[in-house]
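Visitor: Sequence:
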Amino acid sequence: MPGYKTHIVGAAAVTGGALAATSWLGVYRPGFETMVCLGLFSVLGGLFPDVDTDSKGRRIFYGAALVVDAFLIFREQYRYAAVLGFCALLPAIGSHRGWTHSWWAALLIPSSVLLAPMLLLGLPWKPFLPYYAATVLGYFSHLLLDRKF
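Numbering (the numbering used here), first residue to last: 1063 to 1211.
Hint data in this document are derived by calculation from the structure and do not stem from the laboratory.
A quick note: this is a predicted structure, and the numbers were derived from the prediction, not measured.
Glycine included, C-beta positions come from ideal geometry on N, C-alpha and C.
Check before you lean on any hint, since a few could be wrong.
To be verified - Capping the alpha-carbon separation at 30 Å, the derived lysine-lysine pairs in DSS-like fashion look like this:
hint, residue 1, residue 2
1, Lys1067, Lys1210
2, Lys1118, Lys1210
3, Lys1118, Lys1067
As the list claims (entries may be wrong) - Here are the computed distance ranges between Cβ atoms for each label pair:
hint, residue 1, residue 2, range
4, Thr1084, Gly1125, 28 to 34 Å
5, Val1130, Leu1170, 17 to 23 Å
6, Tyr1090, Leu1185, 39 to 45 Å
7, Ser1173, Phe1133, 16 to 22 Å
8, Ile1122, Phe1148, 34 to 40 Å
9, Glu1138, Leu1177, 33 to 39 Å
10, Asp1116, Trp1187, 33 to 39 Å
11, Arg1141, Val1071, 35 to 41 Å
12, Gly1093, Leu1185, 17 to 23 Å
13, Thr1115, Leu1177, 21 to 27 Å
14, Tyr1090, Phe1148, 32 to 38 Å
15, Arg1137, Trp1187, 17 to 23 Å
16, Leu1177, Pro1092, 20 to 26 Å
Produce the entire structure from the sequences given, and follow the hints as far as they go.
Guide: Next comes the structure, spelled out in structure tokens:
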């Protein structure tokens, strides 16, 4: 099965292609900084399905979760810190290439990209839709490379 480097390249390629297509069609033309951020979200989406194994993706995700959890605790947002901690435990439920390698997880897991700004900061969800889409594209690229979709 492909390693983390292949999943990074796959996610970047799929999202780069989608950005090129939407730009060419005139549907969506983000600036350079936004494209870089979309690429990062896509790569994170492409690495997420392997957080249920001892992998580079798991170390990246749990490192990021630790930083965000510490920030939430510092800001006395204990409820959200607890939710993040609970969600971080979910990949441990099930086997490798189990629920984290399903089409419904590819749509559900990235929804945190829409929900977190709304719930934590009171921001509208629409500006975050491209980031959700990029994360979903990255996630699906992982499933395609693993031949699970």
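Visitor: Work down the list of hints and note, for each, if the structure agrees.
Guide: Tested hints:
For the suggested pair lysine 1067 and lysine 1210, the alpha carbons sit about 18 Å apart, so the restraint of at most 30 Å is met. Pair hint lysine 1118 plus lysine 1210 holds up; C-alpha atoms about 20 Å apart against a cutoff of 30 Å. Of the supplied pair hints, the one linking lysine 1118 and lysine 1067 holds, its CA atoms being roughly 9 Å apart against a limit of 30 Å. In this structure the hint that threonine 1084 and glycine 1125 lie 28 to 34 Å apart at CB holds, the actual value being about 31 Å.
A C-beta distance of roughly 19 Å is found between valine 1130 and leucine 1170, which places it inside the suggested range of 17 to 23 Å. Distance hint for tyrosine 1090 and leucine 1185: a CB-CB separation of about 19 Å, inconsistent with the stated range 39 to 45 Å. Judged by the Cβ atoms, the range 16 to 22 Å given for serine 1173 and phenylalanine 1133 holds: they are separated by roughly 21 Å. Separation of isoleucine 1122 from phenylalanine 1148 is about 20 Å and departs from the stated range, judged on CB atoms against 34 to 40 Å.
For glutamate 1138 and leucine 1177, the Cβ-Cβ distance of about 20 Å falls outside the hinted range of 33 to 39 Å, so the restraint is violated. Checked against the given bound of 33 to 39 Å, the beta carbons of aspartate 1116 and tryptophan 1187, roughly 34 Å apart, stay inside it. Between arginine 1141 and valine 1071 the beta carbon distance is about 38 Å. The supplied range of 35 to 41 Å therefore holds. The hinted range of 17 to 23 Å is satisfied by glycine 1093 and leucine 1185, whose Cβ atoms lie roughly 19 Å apart.
Under the hint 21 to 27 Å, the C-beta atoms of threonine 1115 and leucine 1177, about 26 Å apart, fit the expected range. For the pair tyrosine 1090 and phenylalanine 1148, the beta carbons lie near 34 Å from each other, so the given range of 32 to 38 Å is met. In this structure the supplied range 17 to 23 Å holds for arginine 1137 paired with tryptophan 1187, their Cβ-Cβ distance being about 21 Å. For leucine 1177 and proline 1092, the Cβ-Cβ distance of about 22 Å falls inside the hinted range of 20 to 26 Å, so the restraint holds.
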